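Participant: Take the sequences, apply the hints, and build the full model.
Here is what each chain is made of, one letter per residue.
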Amino acid sequence: MDMIRIVIVAVGGQGNLLASHLLGEAALAHEVPVQISEIHGMAQRGGVVESSILLGKAQSNIISPGEADILVGFEPLETLRAIGKCNKDSIVLSNTAPLPPFTVAIGMGVYPPVEETMNLIGAQVRKNIAFDASSLARQAGTLLSLNMVMLGALAGTGLIPISADMLKQTISEKTKKAFLEMNIKAFDLGYAVSAGAVH
Amino acid sequence: MNELLLDSPGEKMLMLGNEAIVRGAIEAGAAVATCYPGTPSSEIGDTFFKIQKESGIYFEYAINEMVALEVAAAAAIAGVRAMCSMKHVGVNVAADFLMSLAYEGVKGGFVLVSADDPSMFSSQNEQDNRMYGKFSGLPVLEPSSIAEAKEMARYAFDLSEMLKEPVILRTTTRINHSTGVISLGPIAGKNSQGSFPKEPLRNTLIPSVSTKLHKLLLANWEKAAGESDQSPYNFVSGEGKLGIITSGVSFNYVSDALQDLALTSRVSVLRIGFSHPLPDRLIKDFIAKCEKILVVEELEPYLEEGVKVKAQEIGSVIPIKGKGDGLFSRAYEFSPSMVRKVIASYFGVTCPTKEAVNIDIPNIPQRPPNLCAGCPHRATYAAMRQACGDEPIYTNDIGCYTLGVLPPLSMSDLSVCMGASIGMGSGMGTATGRKVVSFIGDSTFFHAGIPGLINALHNGHNQTVVIMDNGTTSMTGFQPDPGTAMENMGFNNLSVSIEALVNGIGVKHVTVVKPFKFKKTVEQIKEAIAFPGLSVIISREICPMYEKTFKKQEKRSYFVDHSKCKNHRVCLNTLACPAFYLEGEQVEIDEASCIGCTLCVQVCPENAIRLKKIGE
Ligand code: SF4
Ligand code: SF4
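As you go down the protein sequences, you meet chains A and B in turn.
The numbering of the first sequence is numbering that gives the first Met the number 0, which starts it at 0 and goes up by one.
The numbering of the second sequence is numbering that gives the first Met the number 0, which starts it at 0 and goes up by one.
Keep in mind the hints are simulated off the structure, nothing from the lab.
Fair warning: this is a prediction, and the values are worked out from it, not measured in the lab.
Built from N, CA and C at the ideal position, the CB exists for glycine as well.
Keep in mind that the hints are not guaranteed to be accurate.
Partial chain B-side listing against chain A, Cβ under 8 Å, derived [unchecked claim]:
no., residue
1, S334
2, F579
3, G583
In the SDA-like style, the derived pairs of lysine to any residue whose C-alpha atoms are separated by at most 25 Å in a straight line are [claimed, not checked]:
no., chain 1, residue 1, chain 2, residue 2
4, A, K175, B, F96
5, A, K176, B, K11
6, B, K565, B, D589
Facilitator: Structural data, given as structure tokens:
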């Protein structure tokens with residue numbers, strides 16, 4: 000099996016760590032070798048959370064600049080900030096709904112226009128699948144299911160060696176029962192966005 | 000049952016590095032665990048805390064690392080297996096006890112986990128605690144993977160018992176905060192009942208005793224060196240006359256690089272997992288077989304220096320390089336591609352690189368961490384700024400409240416390490432003749448602030464100490480401290496009263512303020528500052544993020560009434576609550592983030608901030 004290197008970036012509170020953990024559990028159940036590493040120093044206080052997931056036979060658990068096969072961005076500005084992890088063959092999944100940092104909120108910086116940002120990213124990588132994942136999450140029931148939308152979109156690319164069904168099974172085993180239906184709906188909405196988008 | 004306690008050997012499980020370490024201790028039959036929380040070590044203690052009742056392992060969050068070490072080590076001296084965890088800088092706090100503990104030795108297996116933080120993701124320095132092995136004479140184990148972290152944690156107890164010495168398990172952030180697959184091993188029965196036959200002239204470290212014990216430590220060190228030489232954690236892989244010596248996560252980067260560069264048949268790798276004492280024979284044999292060696296290790300050239308000494312002892316003059324010469328840096332953590340590049344250039348092969356995307360966007364806005372919306376520290380700081388402006392020098396300490404360094408609060412002129420704010424404040428006041436205000440959190444006050452306070456009182460420093468009591472250790476994930484109301488967590492420990500303590504040592508001017516009563520707080524601060532000599536302000540309000548973990552909070556949110564708002568932005572510019580944002584030119588409050596602390600309501604001179612009725 001080829002190595003797949005996935006970087007997920009998000010703002011603290013968006014559910015990135017749960018998403019990577021579910022991916023890891025699904026990999027374990029599928030007997031896909033997996034390594035996950037996360038940096039979440041001050042995330043609780045509105046900072047950035049980054050996780051690296053390596054599927055396949057690597058020993059390293061972090062991903063160097065230029066070496067991500069897939070970048071999953073929960074927030075457009077953070078996707079842009081992390082773009083150095085990608086190369087021209089990378090696939091990017093971008094949520095287009097911005098969560099402006101406080102510096103921008105109070106006028107101490109300018110949030111780059113999302114469409115331009117997405118085009119900029121799109122021009123540098125193999126494909127940038129950009130979509131409003133936050134509104135899909137709301138459509139599924141709550142913004143809190145954003146991580147499930149992104150996980151669904153990741154599965155939809157068909158690039159990871161774990162099937163959507165397997166991931167959904169992991170979600171049903173490892174997340175709160177009360178949210179299950181919503182989580183699966185969110186997952187499916189994300190899946191539909193990227194299904195068939197990568198050739 | 001908690002998954003970590005499953006007794007089903009062979010089962011595979013996904014675990015965080017810190018959980019894997021706990022699992023290793025469980026498998027080894029550890030019966031006592033202590034910690035002082037600190038990133039990246041915190042989840043070790045948190046995991047023990049979660050399983051303590053179910054597992055019967057005695058656990059405590061100690062007041063600081065030295066006490067944590069004292070409690071756990073004493074249990075091991077009495078023959079009970081024990082583990083103590085802390086972050087790298089924590090070992091400095093515990094070091095006084097540690098250095099002599101090495102002389103004293105232990106009877107039950109004892110493991111000190113030091114979680115180092117290369118690149119300082121959440122630390123004030125990146126000291127390399129393998130040096131503590133050298134310094135104290137204690138064995139050091141360094142895992143390269145999550146699975147190995149569990150194995151080594153388990154093995155460390157056996158090693159410790161065999162040597163009758165504490166063992167240091169040294170990890171880095173990329174072990175602690177990474178997740179990998181581990182395979183469960185059998186759980187050994189644990190002995191919770193220690194015994195301590197009185198032998199004062201063996202265990203009381205007076206000079207006549209210590210002189211003998213130092214000899215014993217050196218003999219134990221020799222024995223440890225023999226173990227290191229045979230340890231399965233020190234092994235050679237690959238073949239060829241080009242050599243790499245490496246440890247920790249660097250080993251992974253080396254392994255991947257050799258695959259990528261197709262060098263596995265030309266390069267032999269000596270992976271050192273038992274890194275103090277170094278395996279003498281193994282290293283010498285390795286050197287003798289190589290033409291050229293590269294040492295790959297993060298932070299200090301610990302292995303490199305050791306290897307060079309061994310080369311000298313056998314008269315080898317082959318090139319041995321690691322740090323410097325444009326190879327590896329002593330600063331920051333490594334990455335796979337960086338290691339690959341250096342290996343390629345050192346051994347003269349070409350290195351395929353994937354060009355990283357380089358999008359040049361000028362000025363993309365940063366996302367600095369900020370005190371949470373509704374954080375009581377913001378209220379205390381804003382009140383202090385209102386009362387005193389930039390007049391005093393503000394010394395500060397380590398915790399969420401260190402984020403008060405950012406404008407507009409700007410409440411930290413000097414902050415160095417846990418517990419230092421009060422002592423530094425005394426020195427700063429003496430040196431400058433200026434009024435000093437030192438801030439310290441409740442947990443940090445208990446941890447190491449009390450001696451500084453007693454000193455300031457006794458030596459008559461002109462200082463105001465603000466103890467910001469939010470009832471928990473917020474920064475590292477809400478661990479209790481001696482002041483915490485434990486009934487909220489389902490325990491019945493006594494809470495220590497900070498007022499009683501401060502009054503008890505004889506501070507003449509003590510004020511308790513409620514920071515969300517803003518005007519009153521400002522007045523009380525002014526009064527305390529005006530007091531000549533030492534005054535203490537206890538600013539008390541529970542951390543709302545912590546409170547949320549055990550109590551359902553009523554959702555309240557405020558909004559800006561634009562018919563009254565004059566848009567001078569006093570709210571925004573004095574408080575910088577993350578719930579504020581600008582919509583066009585107007586200040587707005589994000590309903591989802593606002594927790595209704597009312598601080599902005601009180602600072603708005605136009606009374607333009609009003610309560611939003613639910614459903615409005
Ligand atoms: S966690 Fe608590 S103490 Fe820390 S910034 Fe948030 S509200 Fe303040
Ligand atoms: S009431 Fe004001 S200061 Fe408090 S959380 Fe809401 S917006 Fe922030």
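Participant: For every hint, state whether the structure bears it out.
Facilitator: We went through each hint and held it up to the structure:
{"no.": "1", "hint": "S334", "verdict": "holds, 4 Å"}
{"no.": "2", "hint": "F579", "verdict": "holds, 6 Å"}
{"no.": "3", "hint": "G583", "verdict": "violated, 10 Å"}
{"no.": "4", "hint": "K175/A - F96/B", "verdict": "violated, 45 Å"}
{"no.": "5", "hint": "K176/A - K11/B", "verdict": "holds, 24 Å"}
{"no.": "6", "hint": "K565/B - D589/B", "verdict": "holds, 19 Å"}
Of the numbered hints given earlier, the model fails hints 3 and 4; all others are met.
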